[in-house]
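Asks: In case you want the letters, here they are:
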Amino acid sequence: MSTQIDLESAVKQARERLDEHTYNVVQRHFHESTGCPFWLGKKAEMNFDPLTEVKCYDDLKKFPLFEDDWLRGGPVERWRMKDHAERPTYVFETGGTTGLPKSRVVVEDHWKDYEIFSDTLPDEYFPRGSNWLMLGPSGPRRLRLAVEHLAQYRAGICFCIDLDPRWVVKLIKKGWMEHLEEYKKHCIDQAVSILTAGHNVKCMFGTPKLIESLCEGLEERGTSLAEVGITGIFSGGTEFTPQWTRYCVEELFGGPPEESGIFMTPTYGNTLMGLACSKPVTAEEKYKISYYAPQPRACTEVVSFDDHHSVVGFGETGRVKLTTLTPEFFVPGFLERDEGEREMPFEKFPWDGVSGVRPFHEIASSTTVGVY
Amino acid sequence: MLEIPVIRWGKPYESLETTEVVHFNTGETIAQVGSANGGLLTRDMRKANKAREILRQFSCEDLISKVAKAADLFEQETLPLGSGTQTPDEFVVHQSASTGLPEHMCRSNMQKNCFVMRNMNEILQCLTRGLDLDILTRGYGMESRGVVVSYQAQTPVLGAVLPSNSPGVHTLWLPVIPLQMGLVLKPGSSEPWTAYRVASAFEKAGIPPEVISLYPGGHDVGAALMTSCPRSMIFGSQKTIDQYAGNPKVQVHGPGFSKIFLGDDCVDDWEQYLDIMVESVYINGGRSCINCSGIFASRHTKEIAAAIAERLGPIDALPPGDPNSGLAAFTTEGVGKAIVSMVEQDLKADGVTDCTAQYGDRLVEAERCSYIRPIVAHAASPECEIASKEFMFPFVTVVECPQDKMLKAAGSTLVGTAITSDSAWIDQLTDATTIDRLNIGPIPTNRLNWLQPHEGNLIDFLFRSRAYQMPPEKVAELTA
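Protein sequence lines correspond, in order, to chains U and W. In terms of my numbering, the first sequence opens at residue 1 and continues consecutively. In terms of my numbering, the second sequence opens at residue 373 and continues consecutively.
Please note that the accuracy of each hint is not assured.
Far from chain W, some chain U residues (derived; all Cβ distances over 10 Å) [said to hold, decoys possible]:
#1 47
#2 60
#3 62
#4 78
#5 93
#6 102
#7 103
#8 115
#9 123
#10 171
#11 196
#12 200
#13 223
#14 345
#15 360
Simulated pairs of lysine to aspartate or glutamate, EDC-like, Cα-Cα distance not exceeding 20 Å [to be verified]:
#16 W:419 x U:250
#17 U:209 x W:416
#18 U:174 x W:592
#19 U:288 x U:347
#20 U:209 x W:592
#21 W:720 x W:757
#22 W:484 x W:449
#23 U:174 x W:614
#24 W:674 x W:718
#25 W:621 x U:182
#26 W:438 x W:582
#27 W:419 x U:220
#28 U:202 x U:259
#29 U:348 x U:115
#30 U:184 x W:592
Facing chain U, according to a computed beta carbon distance under 7 Å, are these residues of chain W, among others [as the list claims (entries may be wrong)]:
#31 387
#32 388
#33 389
#34 411
Keep in mind that the hints were calculated from the coordinates and are not lab data. Glycine included, every Cβ here is placed at the ideal spot set by N, Cα and C.
With the hints as constraints, model all of the structure from the sequences given.
Replies: As structure tokens, this is what we get:
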């Protein structure tokens, strides 16, 4: 009973913190002295004043849905906060296989997000001071720098590979599956070279497809992830299904962490949001994967397919709606290309989660997912 | 409701993901089928050699007799299927319910599979041109004409990405087990039935279950199968055919564009061949690659098209259990309508006549499925787009074309029936590399002789004939 009361109290506190955070962030983004040109321009078109009429998270419903097309094209400076004008600024891109990519300017959001994430990693499997392998996209991707920062934040050094996801998408669209296979091998060869070169790499980021290929590549060379010293993996992607996780843990790693010595934590995220952590994934729960956003900096809600203002009941299916509330970036409700089931808050993350994340059924067939 | 697991070298594997096989008419879930992931298959393929090792412990003759026994079991017995069992009648009902094919056609496809299993010895004799099958087991041996030959297996297993909508194609992979190679199958999402029932019958007939794997699942499973099996077959659209064209590891089976050619010496007697033409177009709901989609003649084409339309035009959709049901349902929402729209576009072209227009609407929409009634078109020349089309319902274009232009105009043809006695033209037809199976004389395109190779000889695909030399004393040992 007391646990239930504790959780209810934690949920209430988290909500209060979210409301307060929302108010502060909206003040910052819509104040003339701090706001970016884009939102200050939008403010003029709105029939309400965000500075006076947004007092809590629910008030964000007054904004129209965020359109990611707003992020395409220049000038990219329109997204720069006025008080960040003199600070070193990054631009990260997403998409861009054909046409204009979406761009997000960042000063330190990616550092903060990954520092928060770092606190969720168990030191036993992600030892501080050990080095990392970034087995993911290179180029103008937030992920590449963020993982490097994560390694550095944990006193390690990050090794990276060259991987161009835009070329991978083109190979898939052209049906050049042999080239795709060769490109994958090219990426894995780079990773194996790093892992077998005596660099004390114990932790890594990898997508499901690349983790699978890496394990196979290592086995073909007569070794394994455990043998080359990997103990902690963080991974992400919508193809991160319970079945794949089970296969990965049982057959690629050789068992759960206590047997294989390898711990893997799934994450869900993108350039707009940052990354959501997963509740520990276990065989007892049939490898169910539930994600929890880094609230209050970002929130995920599972909303009705017909009404994006209406959150579905716990366990019910809906579309994933994302809200980003950082001092640098404001996304007041964006309908992700994913759907899933709404999950209950729990002690570690006393707010809504989402499980069973998969491509939104209405656009699933036209989307190329899990390309690297 | 049946629960059907993934099978990994004979062992059931309970996947955390499943898909439902649904009755096309009632929406009832018939089975829940486990979904594999591509990695699972790739990983299992590392043990593929074991399948051939196990099967080589049996002689080909022994395996042939076991497969014949499996034919009886497949046809007559209640066999284990996932969490339950399945009788032969249930098999027919299940297959019809998930594919939309009328029950009597499912039964007929069942017979076709049994025929191949029972006549495996004769089929392999023909495919190998009378080779002593021990030579395939050993990899080399002495042929009856006193020459040392070698046939080297190119793979320990055959992989196959099976279709959902054509239960007739399974005969193509059935000879693999008697050739001492394992099977790695990805059953079609709506037609898991045949692959699982054959596997079950094989096991009960004494074939070790460890030589067969069944991986239902998504596209990643198909891709993994094609990548990791040294030899595989896939069934798909023209796009699939184009994708794998020239890939020696893959045998592709897609649209057939099968045709009937009426020679100038026979075309005036076309009425004699009307039954053959109608059967070729209509049998099996027009769904097979061996159904005729083009009839080429230099004259009387309008009369021929009208006569076929008179026979096929009135045919209507009937319930799947009706023995007279001749049309298969399209079980995916919107597909029937989309296909009819495509045909209607082609029918509007200059020089094209819709000969079934007078027999009422072609599209029949039911609550959860649709049917397309037969369409017969007439094309004044082979240049008309419709002359090169094939659809998965009884559809044919009767094309007016001079005999000397037919071969070039007809293009790729899986089964070509040439009704002619003109020996010079028969020579040209024989030499035409665009025709795969050639019938000379009034043989319906659908009547396949199983003693003939289909879309490439399976033996040539799975084995490589190569030089193998040895000293005379060793040769003497072989002949002793």
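Asks: Against this structure, judge whether each hint is valid.
Replies: Status of each hint after checking the structure:
1. Listed as outside the interface, residue 47 (chain U) is consistent with that label: its C-beta sits roughly 41 Å from the nearest C-beta of chain W, beyond the 10 Å cut-off.
2. For residue 60 (chain U), the condition that its CB be more than 10 Å from all CB atoms of chain W holds, with the nearest at approximately 35 Å.
3. Distance check on residue 62 (chain U): its Cβ is at least 38 Å (rounded) from any Cβ of chain W, clearing the 10 Å threshold; non-interface status holds.
4. For residue 78 (chain U), the condition that its CB be more than 10 Å from all CB atoms of chain W holds, with the nearest at approximately 40 Å.
5. The Cβ of residue 93 (chain U) sits about 27 Å from the closest Cβ of chain W, beyond the 10 Å cut-off, so the non-interface label holds.
6. Taking the minimum C-beta to C-beta distance to chain W, about 27 Å, the non-interface status of residue 102 (chain U) holds against the 10 Å cut.
7. At roughly 31 Å from the closest C-beta of chain W, the C-beta of residue 103 (chain U) stays outside 10 Å, upholding its exclusion from the interface.
8. At the 10 Å boundary, the C-beta of residue 115 (chain U) stays outside the reach of chain W, the nearest C-beta of that chain being 33 Å off.
9. Remark: the non-interface label on residue 123 (chain U) is consistent with the geometry, its nearest Cβ contact in chain W lying 30 Å away (cut-off 10 Å).
10. The Cβ of residue 171 (chain U) lies farther than 10 Å from every Cβ of chain W, with a closest approach of about 13 Å, so its non-interface assignment holds.
11. Listed as a non-interface residue, residue 196 (chain U) keeps its Cβ farther than 10 Å from every Cβ of chain W; the least gap is roughly 21 Å.
12. Non-interface call for residue 200 (chain U) relative to chain W: holds, since the shortest CB-CB distance, roughly 28 Å, exceeds 10 Å.
13. At the 10 Å boundary, the C-beta of residue 223 (chain U) stays outside the reach of chain W, the nearest C-beta of that chain being 15 Å off.
14. At the 10 Å boundary, the C-beta of residue 345 (chain U) stays outside the reach of chain W, the nearest C-beta of that chain being 24 Å off.
15. With a minimum CB-CB distance of about 17 Å to chain W, residue 360 (chain U) clears the 10 Å threshold, and the non-interface call stands.
16. A C-alpha spacing of about 17 Å is found between residue 419 (chain W) and residue 250 (chain U), which places the hinted pair at or below 20 Å, so the restraint holds.
17. Restraint check for residue 209 (chain U) and residue 416 (chain W): the C-alpha separation of about 17 Å stays at or below 20 Å, so the hint holds.
18. Of the supplied pair hints, the one linking residue 174 (chain U) and residue 592 (chain W) holds, its CA atoms being roughly 17 Å apart against a limit of 20 Å.
19. A C-alpha spacing of about 18 Å is found between residue 288 (chain U) and residue 347 (chain U), which places the hinted pair at or below 20 Å, so the restraint holds.
20. At most 20 Å may separate the alpha-carbon atoms for a hinted pair to count; residue 209 (chain U) and residue 592 (chain W) meet this at roughly 11 Å.
21. Note on residue 720 (chain W) and residue 757 (chain W): the hinted pairing holds, with a Cα-Cα distance of about 10 Å set against a maximum of 20 Å.
22. A distance of roughly 17 Å separates the Cα atoms of residue 484 (chain W) and residue 449 (chain W); the hinted pair therefore holds under the 20 Å criterion.
23. A hinted pair counts as satisfied when its Cα atoms are at most 20 Å apart, and residue 174 (chain U) with residue 614 (chain W) qualifies at roughly 12 Å.
24. Of the pairs offered as hints, the one joining residue 674 (chain W) and residue 718 (chain W) holds, with about 17 Å between alpha carbons and a cut-off of 20 Å not exceeded.
25. About 17 Å separates the Cα atoms of residue 621 (chain W) and residue 182 (chain U), which keeps this hinted pair within 20 Å; it holds.
26. Distance restraint check for residue 438 (chain W) and residue 582 (chain W): the Cα-Cα separation of roughly 15 Å lies within the 20 Å cut-off, and the hinted pair is therefore satisfied.
27. For the suggested pair residue 419 (chain W) and residue 220 (chain U), the alpha carbons sit about 13 Å apart, so the restraint of at most 20 Å is met.
28. Restraint check: the Cα-Cα separation between residue 202 (chain U) and residue 259 (chain U) comes to about 17 Å, which is no more than 20 Å; the hinted pair holds.
29. Of the supplied pair hints, the one linking residue 348 (chain U) and residue 115 (chain U) holds, its CA atoms being roughly 17 Å apart against a limit of 20 Å.
30. Using a Cα cut-off of 20 Å, the hinted pair residue 184 (chain U) and residue 592 (chain W) holds, with the two alpha carbons roughly 15 Å apart.
31. Using the Cβ-Cβ criterion of 7 Å, the hint placing residue 387 (chain W) at the interface with chain U is satisfied: the shortest such distance is roughly 5 Å.
32. With 7 Å as the threshold, the beta carbon of residue 388 (chain W) comes within range of chain U, its nearest partner Cβ sitting at about 4 Å, so the hint holds.
33. Taking 7 Å as the C-beta contact cut-off toward chain U, the hint placing residue 389 (chain W) at the interface holds, the least distance being around 4 Å.
34. Interface restraint check: residue 411 (chain W) against chain U, minimum CB-CB distance 5 Å, threshold 7 Å, status holds.
In this structure, none of the earlier numbered hints is contradicted; all agree with it.
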